[in-house]
Structures are given as C-alpha cells and as structure tokens.
Amino acid sequence: MLDADFFRRWLTTAAAAVDREADRLTELDSPIGDADHGSNLRRGFAAVTAAVEKEAPDTPGAVLMLAGRQLISTVGGASGPLYGTLLRRTGKALGDAAQVAETEFAQALRAGVDAVATLGGSAPGDKTMLDALLPGVDALSTSFAAACEAARQGALATVPLQARKGRASYLGERSVGHQDPGATSSALLFEALADTAAATKEASA
Amino acid sequence: MTGGTSPAGGGDRRVGIVLVSHSAAVARSVADLAQGLAGGSTAPVAPAGGTEDGGLGTSSDLITAAARQVDRGAGVAVLTDLGSAVLTVKALLAEGDELPDGTRLVDAPFVEGAVAAVVTASAGGDLAAVEAAAREAYSYRKV
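So the protein sequences, as listed, match chains B and Y.
Start counting the first sequence at 1; every next residue gets the next number (UniProt numbering).
Start counting the second sequence at 1; every next residue gets the next number (UniProt numbering).
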C-alpha cells in the first residue's frame, strides 16, 4: 500500500531529479522551444517541495492535489498547467483514502494522463510529454521499474518525430532530430517514482 | 442566451474582460487599444500579462487577480494569446473555484477579439454577446 509519505517522497525525489537535470532540460528546449523548461520546472518543483513539507497533507490524494496546485501557479510555462492537471486529476481520483493500492494509483494516474491529453489536445506521436506518460502509465501494471523504462524509451522515441503541438510545432520538419523536453521531464517523474518505490522496499526489507 | 447586445442589467453590471498574454506590455497595450477604440466609459478591462517577476510567460495569480478585479456579476470573458496562456486559463477553469462564477475562455484572435469584446461589453452586451462578437473577429479576412 502507498501512503501520503510515499507520495511526498516521490515529489521530493522528482524535485531533486528536476534540479539535477534542469540544465539538460533547458538545453533540449533551446533548439525547438523557448529554452525555459528546466528553469520553469525547477521553480515549480521547489515550490511543490516547500508546500508539501509546510502543509504536510495526510492523504495521497491531498499531497498530489496540493502539488498540482503549486505547479499551476508557479511554473509560468505550458508545463505548469499540464503537470499541475496531471497531479491534481490523479489526486482527485485517489479521493481521501489514507493509503492506496498500487493498482488504484495506476488507475488514478491514467485518469491524470487522460486529463493532460484533453487539456493539451494532444495525441500519442505529437512529440509531447504524452509520448512518455502513456507508455509509462501502461507499464505501471507490471512494475514501477518497468514504467520507468517504458517512459524513458518513450522519451527517446520522440527524437525522430515531427512536433504537432506547442511552440516546437512552428518549426515543422526542423523539429525532427531533437528529443522532446516535455517527454524527457515526464520520464524523470517515472524515474523518481521507481527510485521512491525501490527505497521503500529497501527500508522495509 | 442570444447573440444580440441585450443589456446585462444596468451600466454597472457590465461583462468584465481579461486579456492574458505572455507579455505584460502586450496585454497592457491591447487593453489600452481596445478601451481607446471603445471610447468613453468602457466595461472593466484588466491585463494579465507575463510572469509575476516581469518575464515572458503566464501567471495564474495575475489571471485570477485580474478576473476578480473586473467581475461585476455579469460574467468575465477571458481572451488569451497562445500556449501556456490558453492552458493556464483552462486549468484554472477546470478547478471550479479559482475564477469568478461566469468566467469563460473566449476563442478569439487576441487583438481583434479584444476590441470586439470591449466594444460589445461597453455597450451593455451580455456574456454570450461579448463572446460571439470576439469569436466573429476570426471571420474578418484581410486579403
């Protein structure tokens, strides 16, 4: 079972990963975006960590709702409302249970990913964060590690794609050959999830 | 609701307009332009441009503050430029309680739509009329 502490540690781990990879995310965002993805997400996740520590929500749903709210209000770019919606819709789907099963979380996260697709009007293959989120959530029924690997592969697979959404879509064919920054940061979230699950297992072993 | 310009219940209950751009200067200038072209005593208009620290981007806090500032109880029409401006407004609307009741994202070209919206709201048009006028701005072909 996953409790509020698990989700708090997931977000803290994600914030550390985003902080560590911020320069690379911004670098990926330079040729096809506006070179702010890393710094935007770093600011957003720093606010998430601070808010979750300060307010200490006591259910998984409340942790994710609070985190999503912070992302919507602090990121400043399109990834703010998109990731904010992902976490808030996932949190909403988890309700106010004190603990949730992994299968319940997988279902809730799928509702979150679907909400991202609706908000952005995107489909798989558009070279967006969905190209990592969808394979990640699909593989979550297998294991956290499998989800991490699937999301990473999904992000890598955006390289040959032509962007059909967001600023990169203005570049048309010139967007081909670059890895999508949003898919890359989405893969980081799954990596943080797998790391958190592995650390939880180790601590209880 | 009709697409006409029926009064929305008196001069001080006009539809509010919020203009969301990635740039504070663009949002402010388009607000000035629309109010200037509407002339006289216009409907309440508030720009919500850029990030809170003055950079290019979108601030949900500036958007919610602007919407509350122009809300007179007759609805608020929000016009945006692109990308995160659109997504942030949609995400706020999905929250349900972030923006005043009767706030609507209007699908319209930013400059032309803002002028049409402010003129219509200033004339006492209701929210549906303001939205229709702003949307109609898409149909003005230039060549």
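Simulated from the structure, these hints should not be mistaken for laboratory data.
The beta carbon of each residue, even a glycine, is placed where N, CA and C say it ideally should be.
Hints should not be assumed to be uniformly reliable.
In silico BS3-like links for lysine-lysine, alpha-carbon gap of 27 Å or less [what the hints assert, rightly or not]:
#: 1; chain 1: Y; residue 1: Lys-90; chain 2: B; residue 2: Lys-92
#: 2; chain 1: B; residue 1: Lys-165; chain 2: B; residue 2: Lys-201
#: 3; chain 1: B; residue 1: Lys-165; chain 2: Y; residue 2: Lys-90
Under 10 Å between C-beta atoms, here's a sample of chain Y residues computed to sit facing chain B [claimed, not checked]:
#: 4; residue: Gly-40
#: 5; residue: Thr-42
#: 6; residue: Thr-51
#: 7; residue: Glu-52
#: 8; residue: Thr-64
#: 9; residue: Leu-87
#: 10; residue: Thr-88
#: 11; residue: Pro-100
#: 12; residue: Asp-101
#: 13; residue: Glu-136
#: 14; residue: Ala-137
#: 15; residue: Ser-139
#: 16; residue: Val-143
Consistency of the hints with the structure:
| no. | hint | result |
| --- | --- | --- |
| 1 | Lys-90(Y) to Lys-92(B) | holds (17 Å) |
| 2 | Lys-165(B) to Lys-201(B) | violated (39 Å) |
| 3 | Lys-165(B) to Lys-90(Y) | holds (16 Å) |
| 4 | Gly-40 | violated (36 Å) |
| 5 | Thr-42 | violated (30 Å) |
| 6 | Thr-51 | holds (5 Å) |
| 7 | Glu-52 | holds (8 Å) |
| 8 | Thr-64 | holds (9 Å) |
| 9 | Leu-87 | holds (4 Å) |
| 10 | Thr-88 | holds (5 Å) |
| 11 | Pro-100 | violated (17 Å) |
| 12 | Asp-101 | violated (20 Å) |
| 13 | Glu-136 | violated (23 Å) |
| 14 | Ala-137 | violated (21 Å) |
| 15 | Ser-139 | violated (22 Å) |
| 16 | Val-143 | violated (21 Å) |
Checked against the numbered hints given earlier, the structure breaks hints 2, 4, 5, 11, 12, 13, 14, 15, 16 and satisfies all the rest.
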